[in-house]
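Fit chains G and L with the ligands to the given chain D structure using the hints.
Residue numbers (numbering that gives the first Met the number 0), protein chains in the order written: chain D, 0 to 415; chain G, 0 to 825; chain L, 0 to 167.
No wet-lab data here; the hints were simulated from the structure. Any given hint might turn out to be false.
[Said to hold, decoys possible] Here are the computed distance ranges between Cβ atoms for each label pair: (1) D/Pro190 x G/Asp156: 33 to 39 Å; (2) L/Lys17 x D/Leu290: 45 to 51 Å; (3) D/Leu290 x G/Gly394: 56 to 62 Å.
[Claimed, not checked] No more than 25 Å apart at the CA atoms, straight line, and that leaves these computed lysine-lysine pairs for PhoX-like: (4) G/Lys183 x D/Lys201; (5) G/Lys153 x D/Lys332; (6) G/Lys183 x L/Lys43; (7) D/Lys332 x L/Lys130.
For each residue, glycine too, the CB sits at the ideal point set by N, CA and C.
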Amino acid sequence: MSKYLLLRHLEVPDLHNIKVYVKHGGFAGLKKAVTRLQPAQVIEEVKASGLRGRGGAGFPTGLKWSFLPNNLWPHYVVANADESEPGTFKDRELLERNPFQFLEGLAIASFAVKAHDAYVYLRGEFWQQAVFLDNCIVEMQKAGYLGDKLFGTPYSLRIHTHLGAGAYICGEETALLESIEGKIGQPRLRPPFPAVEGLYSKPTVINNVETLANLPFIIENGASKFCEYGTVKSPGVKIFSLSGRVNKPGNYELPLGATFRELIFGLGGGIPNGHKIKAIMQAGASSSIILADDKALDTPMDYESVAALGAQLGSASVIVIDDSVSLDWLINKTVHFFKHESCGKCTPCREGTYWMSHLTEKVLQKDRSAEDVQLLNTVARQMQNKCLCALGEFSIMAVMTAIERFPEDFTVTNGR
Amino acid sequence: MANDVTLTIDGTQLTVPAGTLIVDAAREIGIDIPVFCYHPKMEPVGMCRMCLVEVGRPVIDRTSGQPVVDDAGNPSLQFGPKLETACTTPVSQGMVVIGMSDKVKGARNDVLEFLLTSHPLDCPICDKGGECPLQNLTMGFGKGTSRFDFDDKKHNDKHVPLGDLIYLDRERCIQCGRCVRFQKDIADDPVIGFYQRGRNMEIITNSEPGFDSIFSGNTSDICPVGALTTADFRFGARPWELKSATSICNHCPVGCNLTYNTRREAKSGGKIVIKRAMPRQNEAVNEIWLCDKGRFGYHFTESAERLLTPLIRQDGELVPSSWEDAIDLAAWKLRPHGLNFVALANGRLSNEDLYTLKELSDNLHGNACLYSSMAGGDLAAQVGFTSPDGLSKIGKGTTILVAAADLHEEAPIWWLQVKNAVKRGAKLIVLNARATRLDKFAAAIIRYRYGREADSILSLIKGAENAGESGRMIAEADDLLVIYGSDGLGLSGSKQVSSACAELLVKSGKLGRPGTGLLAVWQHANDQGAWDIGFRPVEDMGKVIAAADGIYIAGADPAGDNPVYAAALKAARFIIVQEQFLTATAELADIVFPVQTIIERDGTYTNGMRRVQRFMPVLEKPSGPRPDYLVTAQVRQRVVHSNLESVSASQGFMIMAAHLKDYQGLTYAKLMETIPQHPIMGRSDLYYGGTAYDNRQGLGVQLSNAAARHEQLRLVEADTMENELPDLEHMEELLAVPVRVLYDSGTITKSSRLLEKRIHTPFICLHPKTAEQKEMASGDRVMIQVNKTDYLVTVKLDDSVPTLHVLVPNSLGIPMEKPILVKVHR
Amino acid sequence: MNQTAIKYAREIEALFAKYPEEHRQSAVMPLLHLVHQDNSFISKHAINDIAEIVGISTTEVASVVGFYTLYHDHPEGKYRFQICTDLSCALQGADEFLRALCAALEIDPGGTTKDGLITVEEVMCLAACDKGPLFQVQGKDGISYHERQTVESAMQTVQELREQEKHE
Ligand SMILES: Cc1cc2nc3c(=O)[nH]c(=O)nc-3n(C[C@H](O)[C@H](O)[C@H](O)COP(=O)(O)O)c2cc1C
Ligand code: SF4
Ligand code: FES
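Here chain D stands alone, though its shape is the one from the complex (with noise of 0.2 Å):
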């Protein structure tokens, strides 16, 4: 058994290569599903594999693939190669590195659901990724992976790529799907969930390229052999991206549960310069930030287990703070950073971000007051739960959890 479920890559070299993929078991998964198995099969087995979404909501993928109705026509499946959230970076290296397990996963979903068309929607800066896509899609059409009568079935299908062109929001799942169309990326209204009415108003799946990537090995070995790795809850593994400050920052493959000190101080070789560690953000900007103490380190990476930490999983992008950064020097950016992607649809985040920004540049200054520091928090929970989609939700995240989690780092105290 390979040491890798994801990032075989770093295993078999030249693995982007078709050749090579199929040397090494590629499309076994794909061709078992198409030739073995009804669509329903598929989806009971990635249910049974209690596979959640790697996209951040961590929402069951084959309990989704079930909500799609029989009597609307065409499905549609969509993976979601959007990837922006900082410190995010894992579904770019799959693309570059194992772009056709991707591929075939996808391949899989789309069986699943009965679709015959399946877009991957990139975000824009991932253009050489997409010219790269769009060749792996060639060839696997060119070696019956892709197109019409899929190993001498009836079943067909075309996979396409469509390029973003810079917005957060367009990895929200229904802004994703009007920016496919053509349209601004705002997110939509909801219901009507995208499994009734989502790409240009039919019954749509959309999936993470992690999620995804997953695929071939449940369809392959079962989803009781890929229930071995990770937690009961959340089972399998998963790949965080290790970015901050951190002596070895990159992408991991761990099963669900492992601990962030196994992440950080295992794998990830400590803090450099010899700083301490000091706080973990394990979801990128939109992280309630944990405080990096030794429970916190030695709290399995699960999406149950996070949550008591009062955090989520989210993304499982783990950017490292240590005690040389200053918590209102870090909102700053984050702020910045939603307010610069916020779509401008709903009133709380829209004013909400931008006011923040300006609270918190003002809480950098040397001569911040108390009231800033409380106005910022305020504003923070005013925005809470009144938010059109989830970054809104998501922007007051770290503030609030600085300001709560740690204190010293907003206190006025003269000449500090």
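Then chains G and L with the ligands, alone, in the frame of chain D:
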């Protein structure tokens, strides 16, 4: 009813149809949940977040499917962790909505504070001040102070012309998107949009000309702040200084309900002037919309060229006269027995005017002619469309046939409603020789050759050989609405088209249902009234005019429209004209009576749907001009020695109503009745749906007809269905067909300051191939020769125009009442 | 004359094949990318052309151009150096890198070099957080990443582009 849902809002239980949104349900019991982005005429988007409420739903036991009850026997409720947007959440059985709690009030406070962080504090100079939901809600819920540092406020451009009609104040915009959604979803003119994102998001237009839509004015009504203002009204007055007067738009047969806002002004010499036209809600007519022609085209009333005194011809010259002398002279001239008398009127006149003129004509055994080249007005009394809701509720189950009409240009609000009916599920068949803007929404498009209109309509009859898919859509519908116009037709063609439409309706077997019937797209506001009263168009107007001993012309300007008529008029023996202006026809008259505009008097119109509606005086009467009906009545009194000189419009109306079957029992009081309308717009409180006026002045009365009363129909079949068009004999000739455009150069549009730029310069439309043959290109200035006279026109290309044809718009100075042969040359 | 339609006839055909026929609006973004790549910005003319090609209003296309940060509707440098100064990169010295590179190019962030070749912009996270400081270059070859940069390596890229420009 099975489809009703019972819920509780702030302690009050109510029952509403399933699918109703919480906001709308609340308004039914007088509870205002504040909104900005939500508009009852548009799909909800839930973006402003102002309407947040607490929503509880009964807990349902999973196994039994029954609601769980607590110890006291009350259903247990589950409230979500978050507030919900009332504008996007439909009601459900047993739902409990709390819109008054501290939590909800706090949320409204919060959202308002967010909005105000970006809003300027220029209410004192804002046009919306006084009718602004943001202002009112701030007074109602706002904190009174802001914690936002004033210096951090983002400053944006304030006077951005989006076109010549609408100005944008970017600072005031609250990004609710109502205007953008109106333009896209309702007007189908997505010519304004958002630019950039987040707090930088602003409204832009990229069209040429800017904000290129005939519905643009509506955005200023529905904008919940003073971001969009009209070039007409901006900085013109404060809403609370304005008086309101009830009127009906007289630009087209839709008959949109209006409210004119007026004010006495020093700068107008202390006179009362109109400051703006606003829609008045009438769901059966215009709902809450107006087209820009109706909204901005009232400036003709201010014209300095109005006729003020009667004129009589002396020694070849028109000279001022007293009313007495002019009336006596007219009566004296009309006295001889056996006079060949012609009354010529158009649908700009009110029912009262027309009825009086018809009476005079009857007394003189004259010929009451309608100045129009469209037929079929008599059919409305038999098989007209009589739905009490007009077009506003049509949807699934109805098939609409639009034949030989370009609704977007001819009756914009009907265009909008037909297209929205399609959105609600109606099926549309568009039948025309060329492409029009309705094609996009049609389930079937039928193209015919000019001249084959009627054939093409008849082929839709069930069982007909080529009925096809369209025939099926007609056969399978519950209701069939047939709308016909005069696109490319003259009077004889129009006769065939209207008869064919009536025949289609009869054969459909659906008549008798209010939603099934015929609707004619007349040129004028009251053409239908004129038909009801007994005016009829004539085939050869020139001959009729020339043969007349005495001709009495009201509202029409034949001499101005067509040199042939001018020549004919010169042959007529005696001409009496009732006019507002010294038109070409008036210049040829022996007596000219100055009359009031509809804005100075009262009266009624019967719209194309046969809804009789009342308009009232808006401005003070100018001294001099009298209402048409009064002038005619005074002449008539002297001619026939009737003892009643009709003195008021209401009396005139009563006399008419007594004599016309379908109008029997109608009085002004009846026309002024109202019933509650849905959706509730609520101008007076929170301007929920914008600044469209509540209708307290009357919804008018929809006339019934023979089919509705299930009476025996008396229809005459059209003699032949082939409209004989002149043959193209000479290589250099083209077949010209008349069409109508909205922004024509009729007197009314011409004198509107604002619409001036939108009026078309005379143009013709050719197929690119025809143009190529003639070595002409788009934009070329060429000559079109009609009846030996050359007219300078601009060439436009349109590949849906048949080759060897040329489309000639009416009322742009080229006489064209029916298809004729013309030459187009350099 | 719709120049854009003529120039990209082949690409347009391929794009239309990608999306359902009644949803040609989907081709808006790829078309904007094509135009941007060739001209380093999107002119009003091109916006009108694209509107006509996909059958939507020019305002709707302008709206799309305005929303997405990789589209620019006025000319600036031929190449845009887009430096990520977002959180992870900032923790690796991206802010200092930006300042130093701008100093070397004698411009302010957001500015364009005197020769009109290079505009330096600050951008949000580029999904390369383990390889900062970094920037991407948006230009006529599309977009390419330049990771683990120093001012020297960045200036070398500038130099290469300047050389290349000379030869064209
Ligand atoms: C503001 C915002 C940004 C998001 N960005 C991404 C993203 O870049 N990539 C991604 O896969 N999911 C992203 N998501 C989550 C998606 O909306 C969606 O949940 C996900 O693509 C579903 O796929 P999964 O179930 O496989 O995780 C984002 C969500 C929000 C609210
Ligand atoms: S201009 Fe008015 S209607 Fe349009 S988004 Fe702004 S506030 Fe809303
Ligand atoms: S969100 Fe409900 S009215 Fe705007």
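Evaluation of the provided hints:
no.	hint	verdict
1	D/Pro190 x G/Asp156: 33 to 39 Å	38 Å, holds
2	L/Lys17 x D/Leu290: 45 to 51 Å	48 Å, holds
3	D/Leu290 x G/Gly394: 56 to 62 Å	59 Å, holds
4	G/Lys183 x D/Lys201	21 Å, holds
5	G/Lys153 x D/Lys332	20 Å, holds
6	G/Lys183 x L/Lys43	21 Å, holds
7	D/Lys332 x L/Lys130	19 Å, holds
Checked against the numbered hints above, the structure violates none of them.
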